[in-house]
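Q: Order-wise, the sequence lines are chains A and H. Okay, so the first sequence: first residue is 1 according to the numbering used here, each after it adds one. Okay, so the second sequence: first residue is 1 according to the numbering used here, each after it adds one.
One or more of the hints may lead you astray.
The following label-pair restraints were derived from C-beta to C-beta distances [stated by the list, open to error]:
1. H:Ile354 <-> A:Arg43: 43 to 51 angstroms
2. A:Glu55 <-> H:His221: 57 to 65 angstroms
3. A:Ala32 <-> H:Pro269: 22 to 30 angstroms
4. H:His35 <-> A:Gly25: 29 to 37 angstroms
5. H:Ala235 <-> A:Asp20: 51 to 59 angstroms
6. A:Gly25 <-> H:Gly339: 47 to 55 angstroms
7. A:Asp20 <-> H:His43: 32 to 40 angstroms
8. H:Met275 <-> A:Lys129: 51 to 59 angstroms
9. H:Lys75 <-> A:Leu104: 35 to 43 angstroms
10. A:Ala36 <-> H:Lys274: 28 to 36 angstroms
11. H:Val69 <-> A:Ala36: 53 to 61 angstroms
Over 12 angstroms on every C-beta distance to chain H, these chain A residues come out as not near it, computed from the model [unchecked claim]:
12. Arg18
13. Arg43
14. Thr47
15. Val50
16. Gln57
17. Ile58
18. Ala62
19. Gly72
20. His89
21. Thr107
22. Ala125
Far from chain H, by Cβ distances over 12 angstroms, these chain A residues were calculated [stated by the list, open to error]:
23. Arg17
24. Arg51
25. Glu55
26. Gly92
27. Ala141
Please keep in mind that the hints were generated in silico from the structure rather than gathered at the bench. The beta carbon of each residue, even a glycine, is placed where N, CA and C say it ideally should be.
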Amino acid sequence: MSEASTSGNAVPLETPRRRDLLQAGMGAVALAYLGALGYPVYRYLATPAVRSRLEGQITSVAIAEKSLPAAGAATMFLFGTRPAMLIHHADGSWVAFDAVCTHLGCTVGFEPQNKRIFCPCHGGAYDMKTGDILGGPPPRALKAFKVEVSDGHVIVSRA
Amino acid sequence: MATSSYPAPESPLRSVYRWADERLGLADLAAFAAHKRVPQHAHSFWYYWGGISLLFFVVQLLTGILLLVYYRPGKEAFESVRQITYDNDFGWLIRSAHSWSANLMVFALFVHLFSVLFMKAYRKPREFGWWSGLGLLSLVMLFGFSGYLLPMDQLAYFATKVGLQIPGMIPGISGMVEDLVRGGPQVGEATVQRFFALHVVILPLVFLPLLGFHLYLVQKHGNAVPPGEARKPAAERRTIPFFPNFLAQDLAMWLIALNVVTILATLFPWDLGKMADPLAPAPLGIHPEWYFMSQFQLLKVVGVIVPGFGGEIAGMGLFGAATLFLAAIPLIDPDSRFGRRAKIAAWGGALVMIGMIVLTVWGYAAL
Numbered sequence: 001m002s003e004a005s006t007s008g009n010a011v012p013l014e015t016p017r018r019r020d021l022l023q024a025g026m027g028a029v030a031l032a033y034l035g036a037l038g039y040p041v042y043r044y045l046a047t048p049a050v051r052s053r054l055e056g057q058i059t060s061v062a063i064a065e066k067s068l069p070a071a072g073a074a075t076m077f078l079f080g081t082r083p084a085m086l087i088h089h090a091d092g093s094w095v096a097f098d099a100v101c102t103h104l105g106c107t108v109g110f111e112p113q114n115k116r117i118f119c120p121c122h123g124g125a126y127d128m129k130t131g132d133i134l135g136g137p138p139p140r141a142l143k144a145f146k147v148e149v150s151d152g153h154v155i156v157s158r159a
Numbered sequence: 001m002a003t004s005s006y007p008a009p010e011s012p013l014r015s016v017y018r019w020a021d022e023r024l025g026l027a028d029l030a031a032f033a034a035h036k037r038v039p040q041h042a043h044s045f046w047y048y049w050g051g052i053s054l055l056f057f058v059v060q061l062l063t064g065i066l067l068l069v070y071y072r073p074g075k076e077a078f079e080s081v082r083q084i085t086y087d088n089d090f091g092w093l094i095r096s097a098h099s100w101s102a103n104l105m106v107f108a109l110f111v112h113l114f115s116v117l118f119m120k121a122y123r124k125p126r127e128f129g130w131w132s133g134l135g136l137l138s139l140v141m142l143f144g145f146s147g148y149l150l151p152m153d154q155l156a157y158f159a160t161k162v163g164l165q166i167p168g169m170i171p172g173i174s175g176m177v178e179d180l181v182r183g184g185p186q187v188g189e190a191t192v193q194r195f196f197a198l199h200v201v202i203l204p205l206v207f208l209p210l211l212g213f214h215l216y217l218v219q220k221h222g223n224a225v226p227p228g229e230a231r232k233p234a235a236e237r238r239t240i241p242f243f244p245n246f247l248a249q250d251l252a253m254w255l256i257a258l259n260v261v262t263i264l265a266t267l268f269p270w271d272l273g274k275m276a277d278p279l280a281p282a283p284l285g286i287h288p289e290w291y292f293m294s295q296f297q298l299l300k301v302v303g304v305i306v307p308g309f310g311g312e313i314a315g316m317g318l319f320g321a322a323t324l325f326l327a328a329i330p331l332i333d334p335d336s337r338f339g340r341r342a343k344i345a346a347w348g349g350a351l352v353m354i355g356m357i358v359l360t361v362w363g364y365a366a367l
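Just chain A, same shape as in the assembly (with noise of 0.2 angstroms):
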């Protein structure tokens, strides 16, 4: 530092260290108080989503019999926080899918006149026994719960 302060016609008449170090210092504590001020503003704005993922690590839920569809039939609950089917079909099996359309987030619809399970926004359809693609344009199969019946209630759990 001392030698370029002194050393006048030896050196470059502005030595680029200095400032450079100077102004990467600057920079550096600039960064790291924006950082402190922008810390909290994130979290703190960041409070529902966080609480809500949190909510939606679930790994069961149980449905109680009041609220089971009818054979032949469907019924909509949240799993978490995200919203799913459960299907009770005319063999009388049960099947459940996350009810969100792998192509834009839409909420599907179950179909057993068409024997399908149906997306309105751009008209994706899935199987409604396997939750696999039938047609239109989503990209992957609907993702499928474990579903266990016991006396009388329904637990949908993760596959």
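Go by the hints and put chain H onto chain A.
A: Only chain H this time, still in chain A's reference frame:
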């Protein structure tokens, strides 16, 4: 100019600047800033206080917007502030910063007001700067009064109740206060809802253009030089460039002010009392915020001398006279030609300032 002595090679940043300059005329702005100079003398320190007030206002604006994300006026007012303060991550910090910065802003404004007064910066041609400043201060007091109710805790409730009682004592006005300001015979949901509209929409809508006008006048007339400095021969008067010298000092002051807010907000977070309950007795030792304390004490003192209803009127009359005197100062002391008038302005201003300080201290001592 500073840029010409260090010819830099055309860096990407520089070519972006040139591109923008050709379209926006940034060089004119830079030339203007380079031209502008700020007087430098023994009392230059007081020049910072307008800028410090402005910084606190910006903090108010930003933290206010953040509070607006979760605040719900009306029935849920208290519950939403409780959630902000105790449930939300860092909500306590945002709310504390808003409260502390509000108090610091009022303090900085009083310092700014009296430093302008004693430096005689209200003299021709700066009268409108003085008047717009007084207008801004009045609006800030209304910001403070309306914002104080929004948490709807016991203190907020009674402070507003008492505060609205006072103008309600002026004959012929009490009905209007009830109809238009309180929104009913009691402070309640309707009051919070309209104070909220006042605090976040109406006041900012009036404040921002007036602030713009005030800052425009500051740019137009530049910093006033105190009389003692103005008497010196031109060769002895010193100035520094606004850009970058004064701005750098301003920035340093802002950084200090910001640190003061964050330190106070972190170490002394603002409390939330019990939910407002009209049936609960007012908390013991209840008193207005410090910036209303001198008015509160004035009413109390005059009330002892002039008992009953006349006391309130006399107290408000005195307060009104002091305000009117402040507003009239540029007319009383328009320029340096009148020695006696300058004395009236200075001593009158000192009387107002000392009166406010004495009444405030007295008010706290008498609690």
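Q: Compare the structure with each hint and give your call.
A: Hints and how they fare:
1. H:Ile354 <-> A:Arg43: 43 to 51 angstroms: holds, 46 angstroms
2. A:Glu55 <-> H:His221: 57 to 65 angstroms: holds, 59 angstroms
3. A:Ala32 <-> H:Pro269: 22 to 30 angstroms: Holds - the Cβ-Cβ distance for alanine 32 of chain A and proline 269 of chain H, about 23 angstroms, lies within 22 to 30 angstroms.
4. H:His35 <-> A:Gly25: 29 to 37 angstroms: holds, 31 angstroms
5. H:Ala235 <-> A:Asp20: 51 to 59 angstroms: violated, 40 angstroms
6. A:Gly25 <-> H:Gly339: 47 to 55 angstroms: This hint holds: roughly 54 angstroms between Cβ atoms.
7. A:Asp20 <-> H:His43: 32 to 40 angstroms: Because 38 angstroms falls inside the window, the suggested range holds.
8. H:Met275 <-> A:Lys129: 51 to 59 angstroms: About 54 angstroms separates the Cβ atoms of methionine 275 of chain H and lysine 129 of chain A, which means 51 to 59 angstroms holds.
9. H:Lys75 <-> A:Leu104: 35 to 43 angstroms: At roughly 37 angstroms between Cβ atoms, leucine 104 of chain A and lysine 75 of chain H fall inside 35 to 43 angstroms, so the hint holds.
10. A:Ala36 <-> H:Lys274: 28 to 36 angstroms: holds, 33 angstroms
11. H:Val69 <-> A:Ala36: 53 to 61 angstroms: violated, 20 angstroms
12. Arg18: holds, 15 angstroms
13. Arg43: violated, 4 angstroms
14. Thr47: violated, 5 angstroms
15. Val50: Incorrect as stated: the minimum Cβ-Cβ distance to chain H is 8 angstroms, not above 12 angstroms.
16. Gln57: Given a closest Cβ separation of 18 angstroms, the condition holds.
17. Ile58: Check passes; 21 angstroms lies beyond 12 angstroms.
18. Ala62: At roughly 28 angstroms from the nearest Cβ of chain H, alanine 62 of chain A sits farther out than 12 angstroms, so the non-interface label holds.
19. Gly72: Since the minimum Cβ distance to chain H is about 44 angstroms, glycine 72 of chain A lies beyond 12 angstroms and the statement holds.
20. His89: With a cut-off of 12 angstroms, histidine 89 of chain A remains clear of chain H, as the shortest Cβ separation is near 43 angstroms.
21. Thr107: holds, 27 angstroms
22. Ala125: holds, 40 angstroms
23. Arg17: holds, 16 angstroms
24. Arg51: violated, 9 angstroms
25. Glu55: holds, 14 angstroms
26. Gly92: holds, 46 angstroms
27. Ala141: holds, 37 angstroms
The earlier numbered hints that this structure contradicts are 5, 11, 13, 14, 15, 24.
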